[in-house]
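Chains as they are written, first to last, in our numbering: chain A, 1 to 172; chain B, 1 to 464; chain C, 1 to 469.
If you are wondering where the hints come from, they were derived from the structure by calculation, not from laboratory data.
Hints are supplied without guarantee of correctness; some may be wrong.
Only pairs whose alpha carbons sit at most 16 Å apart, straight line, appear in this in silico EDC-like list of lysine to aspartate or glutamate [to be verified]:
(1) B:Lys194 x A:Glu119
(2) B:Lys212 x A:Glu119
(3) C:Lys5 x B:Glu11
(4) B:Lys452 x C:Glu12
(5) C:Lys467 x B:Asp290
(6) C:Lys26 x C:Glu12
(7) C:Lys459 x A:Asp12
(8) C:Lys21 x C:Asp396
(9) C:Lys3 x A:Glu155
(10) C:Lys188 x C:Glu27
To give an idea of the chain C side of the interface with chain B (calculated C-beta under 10 Å), a few residues [claimed, not checked]:
(11) Ala212
(12) Leu213
(13) Pro253
(14) Leu302
(15) Trp306
(16) Val314
(17) Gly318
(18) Lys320
The structure displayed is predicted, hence computed values, not measured ones.
Even for Gly, the Cβ is constructed at its ideal location relative to N, Cα and C.
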Amino acid sequence: MANKSVLGLFIDENEAGDALSSLRKAKYQDNEFEVMTGTPYPHGTFGEAHPKLRLHRFPIFGAVIGFTVALIITVGTQLAYPLVTGGKPVLSIPPMLVIFYEMTLLFSVIVTVFGALFESRLPKIFMGAYDERIMTEGYIGVVVSVPIDRIPKAEQILKKSGAESTKRGWEE
Amino acid sequence: MQEHQQLSDSEITEDLTAPVIRSARWFWSVVGSLGFIMLVGISGYIYELYSGLGVTGVQRPVYWGAYITNFVFWIGISHAGIMVSAILRLTQAEWKRPITRAAEVLTLFSLIAALSNIMFHVGRPWRIYWITPLPPIFIGFDFARGIWPNVRSPFVWDPVAVGTYLLSTILFVYTCLIPDIALVRDKVKAGPAKIIYSILALGFRGTPRQWKVQGTAPILLSALVLPIFVSVHSIVSWDFAVSIAVEGWHSTIFAPYFIIGAIHSGVSGVVTLMAGLLWLYKLDKYIKPDHFDAIGRLLVVVATIWFFALFLEWVYALYPLEDPEIALRNMQVSQPPWSYLFIVFLLTGFFIPVGAWLFKSVRRNPMWMFFTTILVNIGMWLERFLIIVPGLSRRTELSFNWGTYTPSLVEIGLVAFTFAFVICGVLVFARIFPLIPPFDIKEGMRFRHVIKIGKKNISAVVRE
Amino acid sequence: MKKIKNNLIFTERVIERSLGKVPVNKELINIHNRKRGNTFNLFLYITAFLSVIGVVGIILRIMNGFDDMSAWSYYVTACMFIFTTFMGAPMFSMATKVARGNWRRPISRMSEIFCISGIAGLIFFIPILWVLPSLEDGRKTLWFFDPGKVPAYSPHIWTTLALIGFVLTALTLLWLNARPDFAILRDKSKGKSKIYSFLAHGWVGSTHQWGALRDRVSVLGIFYFMLLLTVLYFFASDFLMALIPGWVDSLYPVTLSHNAIQGGVAILTIAVFIMWKWGGYQNFIGLDQLWGLGKLLFGISLLWFWFFISSLMVLWYGKKPNERDVLQLLMFGKYLPIFIFTFFFVCIVPFFSLTLDSIRKSYYGPPIIAISVLIGNFLDRFRHYGSAYSLDRTIDDATHRFASLPDIVIPNMVDLMVIFGAVSMPLFFILIISKYVPVISLWENREYLLYGSHEKYYKTEVLVEGKPY
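Working from the sequences, and respecting the hints, build out all of it.
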């Protein structure tokens, strides 16, 4: 059965937090509901689960790629056409260090950015449950994505917790 | 920060997306004027392409003139943007919030302006791609190149470093911009703009995972970009410092000297930009005198360190007691027009601005900060000019080799082009994306606390 | 959030705070006032003994005369080691006070206590004034165009004056920062109240006194930084570079200052670890402090590489004969093993190990790396000062290059006595002073109660910190 979503919009942070607690008590799993805010709050403000990120691994991975690319380019091109310039050896360490350094950092940055997008689960072509007032006016959105038969109960919990309005309809 | 106004999310959204949603009355006239200056510059460049580099003032032995000065100047300006943004993010300074994106965008356009000067400077710009180590198969089988780039040359290190910095800046700016693109996506009415913003926002919704990445990624990127920032201007300085044949260039302090000079001119550029934004976009609720005060104090420290580096450079230039070096320094200090330029450089680069910044009333006044920081950049442009051109004038024993340099109208036009380009670029960017990050300001509102101790209220903030 | 006129506004949270009935931390006072254990006394006696050995070593070295400069290589190295480690540590307190980071509070006093090492540095420095050769013997001068017209007191008098000013500034800073604590101990301690009363010098904690303290500490902190740079500038130029003909390195004074800050952070890290592990301060020194120092050490080690490559690139690239000689002398010639070990200990080890979160964010990681940095720092001093003071400054007329490059000097018994004395004497002074100056600042620790706390924030708890000025 395809999942459907229901979105509750809250004004008060406490009410949004209470909604999450109520959903947990009603046996909804952590991966079935989510909070959306237009601005970052301190972690755990709504009692949400801490997302585990592995972002720190990406820069090292990128650095290794960058260093390898730099090694291939500098050593490869200089040995392919060895030309002594300025009395320096063909493979001179100080100049090669410069290229290694820059390439290592460049690929670190590139892979980190891709890692950031990956960890954010972006790009998301179909956004799913969302309301523009979350970003523009500061509402707190709590979205529950479950099979259609569990939607009414979720909507009831959201309303009971103090949601200013609820919306249904998205398919996840 | 003791001055504060708690604003609603709608107000913040409205204020900071207003320049994006609709153009201000002055926008098109200002952009049009800047566009005209750019057109004049481009016309000069077309003339230069047609007629050759003889239309510039460069001639033997002064082969590097206004273009290279301008190149180093804009690399310098670009430095402070990312430095201010990165260091303030790493230290979690609260006063960074309205400043970071403007500084990063200034970096972006400054770098492009810097690279454009290289294109203006080279005799055969259609061969500029030869600097890349791409095999002929990627570049239209251009076997005429016949050689790989010389890794031992600083002129190969330069594009690698500046290219790395440019690409890293673009990625940095974009990553941090995603939540605000999402905000603009939600703010604009349906139409082509909404589609474009939706694509660029990548479906950002503001989930805890996405915000956590938004908190972690800029810090990681800042930690990666800071070493790049240090290396770029070091490498640019080595264009000069590794040369043993030109007086005044062969000094080991050039790398830190250029970097601290870049921070000095760049942070001043950021202040100029901040004051401009404050007046143009009426952002007095977001950019406060406290911000100018904090940056002003930073500038005093940076300027003093820069002056110490200048002192070291001069002392060690004279230490070997070499006649050509002494002759060069004599020329810079006592012979017009160099002596006039030297005095103007010292006054505008250090003594007047730093003397003014010692007073709190000056630091807290956007008008004073605007003018003093413009003075700094006049001084720093002259500094680069005085490093490059007098040394190349070659005051050595072989007097037949003495030369001089006067910038031509084409060069002046193209220098003006770069200034117009950067200002225009920032304004156009502000027309498309919010220049002050709304989500950052809203986060500041949520993190803010007040500690009441007796009759005193101390502002406090959540530390994550 | 609250809805006001259809707009959602986040109201700022107000926390009321008062220290009216909050006493000074008794545990801190008790730890400070307790009788020192056997381990402390053992170290006190060992450092005292080695300091005496060091003084004997100084006397023996002086008795051997000043003519043979190479005999003074290790002496000068040891003296410079004091200035580039012990005297760099107080910079941590000055810099973090400007940055207004609260994590520094438990350890800023430890960094200030290192100011007392200046006395040891001054003692060791005095004989070096006689070691400097005359200008006729090949020493260069930075300050005068005509070597024949250089006054006899160049650079001896102004260097000594700068050094005395530096040491006095350091001691004043230590006293000023500790004055409120002396007042607390005057009022809380039995037995030593007369000493504390004298040291507190009438401190009552008036608004005027606190304001004056803040202003004076910030001004003196700036002076300390400027004098550290000045003193190290003289040590780098007149006492080092001028002894190597052909070495023109405008960056080196800055490099030496950076090395001093690196050494200072390293030795502070070890001191913090000792206080955490054995000093009884586990409740006050936490992972935050060692992690912060680890991050600093990481960044500073990266900077070491930058300063090194900035000098190397310029000196190596042009292949000027005199510059090639200097690189042979300092790096690639007979001192190559010293250079390799320096690079390894002071750059490679800190950089690659502190990159790892598990090492950087640990109790043991940063101190172990700090030991590596200190070893590298000593080797770096020796690489420069040892080679400079043992160099034969004769220039070959035909090639205009050094006639010969010196071998690595092997230390003899007197050298070892001096080295042990140079390391032990500052430690001895620090141990003595720690009996009177609280190792953790009582007033700064108490001040934090006003500005930092954990507060409930909806469903979570957050750290809230205020910055009053």
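With chain B as the partner, please determine if Pro253 (chain C) meets the hint condition of a C-beta pair closer than 10 Å. holds (6 Å)
Would you settle whether the hint for Lys320 (chain C) is holds or violated, based on the nearest Cβ-Cβ distance to chain B being less than 10 Å? holds (6 Å)
With a cut-off of 10 Å on the beta carbons, see whether Leu213 (chain C) makes it to chain B. violated (18 Å)
Assess, step by step, whether the Cα of Lys212 (chain B) is no farther than 16 Å from the Cα of Glu119 (chain A), and give holds or violated. Distance ~9 Å between Lys212 (chain B) and Glu119 (chain A) Cα, so the pair holds.
At a threshold of 10 Å, is the proposed contact between Trp306 (chain C) and chain B supported by beta-carbon distances? Holds - the Cβ of Trp306 (chain C) comes within 10 Å of chain B, reaching about 6 Å at its closest.
Between Lys452 (chain B) and Glu12 (chain C), does the CA-CA distance stay at or below 16 Å? Measuring from Cα to Cα gives roughly 12 Å; hence the hint holds.
Is the Cα-Cα distance between Lys194 (chain B) and Glu119 (chain A) 16 Å or less? Given pair Lys194 (chain B), Glu119 (chain A) is violated - Cα atoms ~25 Å apart, limit 16 Å.
Are Lys188 (chain C) and Glu27 (chain C) close enough, with their CA atoms no more than 16 Å apart? Holds, because 12 Å separates the two Cα atoms, which is no more than 16 Å.
Chain B contact restraint on Val314 (chain C) - CB to CB distance below 10 Å: Holds - the Cβ of Val314 (chain C) comes within 10 Å of chain B, reaching about 5 Å at its closest.
Hey, Lys459 (chain C) versus Asp12 (chain A), does the alpha-carbon distance stay inside 16 Å? Measuring from Cα to Cα gives roughly 12 Å; hence the hint holds.
Per the CB criterion, is Ala212 (chain C) less than 10 Å away from chain B? violated (19 Å)
Pair hint Lys21 (chain C) and Asp396 (chain C), alpha-carbon separation not exceeding 16 Å: violated (78 Å)
The structure does not agree with the numbered hints 1, 6, 8, 9, 11 and 12 stated previously, though it agrees with the rest.
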